[in-house]
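Could you fit the two chains together into a complex? Lean on the hints.
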Amino acid sequence: METSLAFRAMNTDFLVAGVPAKAAEEVKALVDLAETRFSRFSPTSEISRLNQTNQTWTAATALTYDLLVDAAEAYHATGGLFNPFLAEKMRTIGYDQSFENLTPAKVAQGINAQQTKVKRSDPGAAQKESIVDAPLPELLEFDFAAQRIKLAIGAEIDVGGIAKGWIAQRAANQLVASGVKQGLIDAGGDVILWGSEPAQGSWGVGVGHPLVGEHDIADLWLEGLTAIATSSIVKRRWQRSGELPAHHILDPRTGSPACADLLQATVIGRDLVAAEQYTKCLIILGSAAGSRWIAAQRPDLAYIMVRSDGAILHSDNLNTYTKDWRVDAHVELAYDNH
Amino acid sequence: MSKKTDIIVVGVLSAALFTGFTAYSYSADKAKAKAQAKTPVAVAAVAANTSMQPLNSATTVNAKASAVQAPADTQPDIAQPTPDATVTKKKTTKTKAS
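As you go down the protein sequences, you meet chains A and B in turn. Remember, the working numbering sits 1 above the position in the first sequence when you count from 1. Remember, the working numbering sits 544 above the position in the second sequence when you count from 1.
Treat the hints as calculated values from the structure; they're not laboratory data. You can trust all of the hints, since none of them are fake.
Below, computed lysine to any residue pairings styled on SDA-like, alpha-carbon distance capped at 20 Å: (1) B/K633 x A/G205; (2) B/K635 x A/G202; (3) B/K635 x A/Q183; (4) A/K324 x A/G205; (5) A/K29 x B/S642; (6) A/K90 x A/Q56; (7) B/K633 x A/G207; (8) B/K634 x A/A200; (9) A/K324 x A/Q183; (10) B/K635 x A/F8; (11) B/K634 x A/H216; (12) B/K633 x A/G225; (13) A/K182 x A/A22; (14) A/K90 x A/G256; (15) B/K635 x A/L16; (16) A/K324 x B/T632; (17) A/K324 x B/K634; (18) A/K324 x A/R271; (19) A/K23 x A/A10; (20) B/K633 x A/Q183; (21) A/K23 x A/S179; (22) B/K634 x A/S197; (23) B/K635 x A/G196; (24) B/K633 x A/E215; (25) A/K29 x A/S5; (26) A/K324 x A/G202; (27) B/K635 x A/Q201; (28) B/K635 x A/G214; (29) B/K634 x A/G214; (30) B/K635 x A/E3; (31) A/K324 x B/K635; (32) B/K635 x A/S5; (33) B/K634 x A/P199; (34) B/K634 x A/L6; (35) A/K182 x A/G202; (36) A/K151 x A/S40; (37) A/K29 x A/Q183; (38) B/K633 x A/S197; (39) A/K151 x A/A73; (40) B/K634 x A/A7.
Just chain B, with the same shape it has in the complex (with noise of 0.2 Å):
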């Protein structure tokens, strides 16, 4: 092999390295970017379920109860409703008087 020769291989080397090199730091970021870019999604879904808290009340939910609930002041005063996908889903409409 001459010595022109040995300059083109290091040269390929080189240049295959220094490519391969910015590939990875190109999918470092962008998956970096991708986790940060879910970040916020998740915190907004936090809130979601939040805002999903009765403001004023003790929450029963899907729990098996007595014939009839016991009257407030004997329940718990904050109970955490159990997270749990209804908290996602869209109401179609409410029962009321009218």
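In isolation and in its complexed conformation, chain A is listed as follows (with noise of 0.2 Å):
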């Protein structure tokens, strides 16, 4: 008999649907444990104390260095993009403690100070997408036999920007595994899905409206494997005193909050740890850089983006992956000026 189970962990919201009682209990268990063990803001997580290991060898738990390995993976795939090692930067702009007890930033003002940073550095966007091509300093060491890591001089780790997904995935893959024919995991808005929905056989998946929360900007209809995650400059936004707004998506080649054209970006693929990396590569890199890049690099991922401007552009292979869909060509965007 499928069930639904809806849980808060992770500091969001995770949704497993359409598989039996069971295994839905497996997931939450399994959130809850890396919950424990992937925070940065708890000093007693297992992320804190391998920060704090100076370029030492340390043991890692199994999950731990399998989350490790795929993050730097990542780091490697996107030429540095997404970069799982910005936990220092991420303090200098703010984002010290849980989002909850930040300030939140107005959207309007955020966005104003940020278009108008876009347009300084334009005449340098060839240099700053050239940046992407340049060797990575190799900040994370493993050793494999032992199940060890060690982190290079003035690393810090910070596995916010795909510890949900990953985990998502990850027990997907393992009720797939346990001969779970179809089910859904969201986990705060990134979604991994398998098989087909038991009521109605297409699993209908919304695509959030970066500020109308209760508008959906398209409408994605799936079945077989199927990840889908987004990101957005919109939400996590702080404001500390005297200074601009933040978000939570840095540039890593300029170690501030990204600020091209994009308030936000959705990636669709068959894996959920790439999806979500690449919605944060598209939102460094802007809609024009972004298509071209995620062109040559990964052809195969899909991506629906909404610009500053309101426009909604989307790639021409969403047909990949959906029964069905419908996209809006463009967004009202009402900033609360207030």
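Structure follows, in structure tokens:
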């Protein structure tokens, strides 16, 4: 008998649907375990302890070790655009505690400030893209035999950009391997699904409006193994007294919050870890450079992007992943100025 | 056949005709009642479809697109989505930033 289980973990809302009750409980147990190990805000988490090991080989649990292997692979696969070693930079710009404890920033003020910054940096856009091809420093070493890791001097791990999708993908992999024929795991808006939806055949997944929670800018009807992730510079914004608003997607080339022309990016693929990391790369690169880059790097991935002027752009391969879909062509953006 | 018998036969035929007519009338009324009951459902379905239309934007529906869709100002002002099964299905969740 299939069930749905909603719960709060890793500072977000999880939903497990279309699986037997026992399988849903297994997913929750795995996510709860991940929460205790991956948070950089908890001084007792495994990630926090590894960040204090100062370039010495340190044993890691299997779960954390596997996560770090995948995070390092993502770092290299994206030419460093996805960078899980920016914990110290995050603290510098003010993301030094759980988001609920930060002062929220007004969306309009932040976006206007970022657009100004984009105009100033436009002449250097080609140069910024070329930085992606620069050799990457090895910031994390692995000892596969002993399941140990060693962090480079100055590197500090922050898996906030990958952990939710990673644990959802891992849970899905486990359920599929144990014979669960269909299911959906939603990790705070990053979704992995497989098989057919029990009642109607295909799974319906909306793509949320970047500003208006109850609206969707697209509907996707899916079946079979599919992963969908969305990132936005509108969520997780904060402001410190006397400073410009900041958000949580850092451009590793500048060490500052990404300031290209995208409000939101959604990526669709077969693997949630890849989908999640490539949404952040698109946000960092912007609509023009991002669409060129992802077509060259991962032409198998599909995407839907919302520009800060309200235009919605999408790749031409949505049919690869969907039975049916609709995408709005543009969206009204009424920023909250109050 | 006696006169009495004739009267009985006529009476039986009249009763049969009356019963048949009544039954026919009942069936017709029932069918009409069914049709009337269905109409609001059909209207409701149309209304549901209408409510699925985006309020403020043109919509692309399951169409082959260029690598990147043109900006909104080159799109038709109002593009009606093709009616299909998707409008009656229920979405399980939504992808969003969190």
